[in-house]
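Could you build all of it, start to finish, from the sequences and the hints given here?
The listed protein sequences correspond, in order, to chains A and B. Offset between the first sequence (1-based) and my numbering: plus 358. Offset between the second sequence (1-based) and my numbering: plus 92.
Any given hint might turn out to be false.
The calculated DSSO-like cross-link candidates involving lysine-lysine, where the alpha carbons are at most 27 Å apart (straight line), are [to be verified]: (1) A/518 to A/405; (2) A/407 to B/284; (3) A/405 to B/284; (4) B/284 to A/436; (5) A/518 to B/276.
I should point out that these hints are in silico values taken from the structure, not numbers from a laboratory.
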Amino acid sequence: MPEPPHDITNEEVQDRPDRRDFLSRLGVGACAAAAVGSGVVTLDFLKPKVLFEPPTTFRAGDPSDYPEGTLRFNKEQKAYVIGRPGGVYALSAVCTHLGCITRFLSDQSIIACPCHGSRFDLEGNVVEGPAPRPLPWLEVAMDSSGLLIVDTAITVAHGKVFKA
Amino acid sequence: MTTLSLDSAFRRLRETDVYRSIVRHGAASTNRNRSLVVFENLFLHVHPVKVREKTLRFTHTYWLGGIALACALILTATGVLLMFYYHPSVPQAYRDMKELEFVVDNGLFLRNMHRWAAHLMVFATFLHMMRVFFHRAYRPPRQFNWVIGVVLLIVTLLLSYTGYLLPWDQLAFWGVSVGTSMAKEAPLVGEKSRFLLLGGNIVSENALLRFYVLHCVVLPVALVLMLSVHIWRVRKDGGVQGPPEESARREEVR
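Below is the structure:
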C-alpha cells in the first residue's frame with residue numbers, strides 16, 4: 359500500500375525560497391547597489407573638473423642667459439633655473455619634506471629650507487635634514503622663438519640637463 | 093516675604109495649562125517626580141536618574157569630559173556668531189577676520205573665546221583619555237565607548253585643524269600646506285586625498301571653501317552625533333568609572 363503523501367512540514371516551507379524571499383533579496387540588493395552608486399557619484403562630484411589655478415609654465419629667458427654657475431629663482435612658480443656647461447636644468451624650490459619654499463644661499467652654494475633645516479646641493483640632492491627625497495627636476499623646453507620654457511607640473515629624470 | 097511670594101509665583105506658574113503642556117509631571121517634590129524630570133526631558137534623559145555621590149567628586153573623574161563638553165558648547169555658540177561676519181573667499185576671509193578683531197563690537201572677544209576654547213578642548217580631550225586609560229575605565233563593559241571616544245578625539249583634532257585655515261593668514265596657509273603635504277605621503281590614496289581635500293593642486297580658494305564646509309557643517313554634525321552616543325553610553329554602561337576600587341588594586345599588587 360503506497361504511503362499517503364505527507365503534509366509539508368513547517369521546516370520544509372521555511373527552507374524553500376519563495377517569491378517573497380526572492381523579492382526582498384532583490385530589494386535589498388537594489389538598495390545596496392543604489393547606495394554604492396550614490397557613493398561613487400558623490401566622490402566624483404567632489405573632484406573639481408575645471409581648475410582656475412595659475413599656469414604651471416613660465417618663460418625662463420634665453421639659454422645664453424645661463425652660463426655655468428648661474429642660478430635664477432622664479433618666486434611665482436617656486437623653481438630654480440640653473441646653468442651648467444652646455445645646458446640648463448630646472449629644480450623645484452618646494453622642499454620635499456613638508457612643502458615649504460627653499461632659499462638659495464649663494465655664499466655656501468646650497469639650497470636651504472627655513473622650516474626644518476633641510477639642505478640640498480645644486481643638483482637637488484639632500485645634503486642634510488629631514489627631507490626624504492631630492493628636489494625634483496622640472497621639464498625644460500624651448501619655444502619657437504628660442505626661449506626656455508619650464509613646466510613645474512612635469513618632473514623629469516634626475517640629472518636630465520636640457521641641451522640647447 | 094519676597095521668597096514666600098516668589099515661591100507662590102512659581103507654584104502658580106506650574107499650575108498653568110501652558111506649563112503643564114510642556115512639563116507633564118508636577119513639581120519635583122517627590123522621588124517619582126524627580127525621576128520624571130530626567131526621564132521626560134530630551135536633553136536630560138541621556139543622564140542617569142540617580143548617580144552615586146562619590147562619582148560627582150572632582151578627584152573621581154577630574155571633570156575632564158565635562159570640560160571638553162563645555163568647550164564644545166562654547167565653540168558652537170561663538171562659532172555660529174563668527175559665521176555672521178565671515179565669508180569663506182579670498183581675500184575677503186582675511187579682511188573679515190581683521191574686521192572681527194578691530195571693528196565689530198565684541199568681535200575680538202568672541203574670536204579669542206573660540207580660539208582658546210578650541211585649544212582647551214583638544215587639551216581636555218587628551219587628558220580625559222589619559223584619565224580613562226589610567227583608571228582602567230576602558231575595560232568591559234565600556235570598551236565600545238572607548239572606541240567612540242577615539243573617534244571623538246579624531247573629530248576634535250580635525251575640527252581644530254580645519255579651523256586653522258579659515259583666517260587665511262600666513263600661519264594658516266603654511267599650516268595647511270604642511271598638513272596636506274603630510275596627507276600626500278600616505279600610500280596609494282595620498283595624492284588623491286590631497287587633491288580632494290584641497291579641491292585642486294594648490295592651497296587656493298577651493299581649499300578655503302572646502303575646509304569651511306568641513307569645519308562648520310560636516311565635522312560639527314559628526315561631533316554632535318558621536319557625542320550624544322558617547323554620553324548616552326556612559327549611562328548605559330553603568331555610569332562613570334573613577335579610580336579602581338582599593339580591593340582591585342590590592343589584587344593587582346599580589
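Structure-based check of each hint:
1. A C-alpha spacing of about 33 Å is found between residue 518 of chain A and residue 405 of chain A, which places the hinted pair above 27 Å, so the restraint is violated.
2. Taking the CA atoms of residue 407 of chain A and residue 284 of chain B, the gap is about 14 Å. The hint holds against a cut of 27 Å.
3. For the suggested pair residue 405 of chain A and residue 284 of chain B, the alpha carbons sit about 9 Å apart, so the restraint of at most 27 Å is met.
4. Straight-line distance between C-alpha atoms of residue 284 of chain B and residue 436 of chain A comes to about 22 Å, which keeps the hinted pair within the 27 Å bound.
5. Proximity of residue 518 of chain A to residue 276 of chain B is assessed by CA-CA distance (about 25 Å); at most 27 Å being required, the pair is judged to hold.
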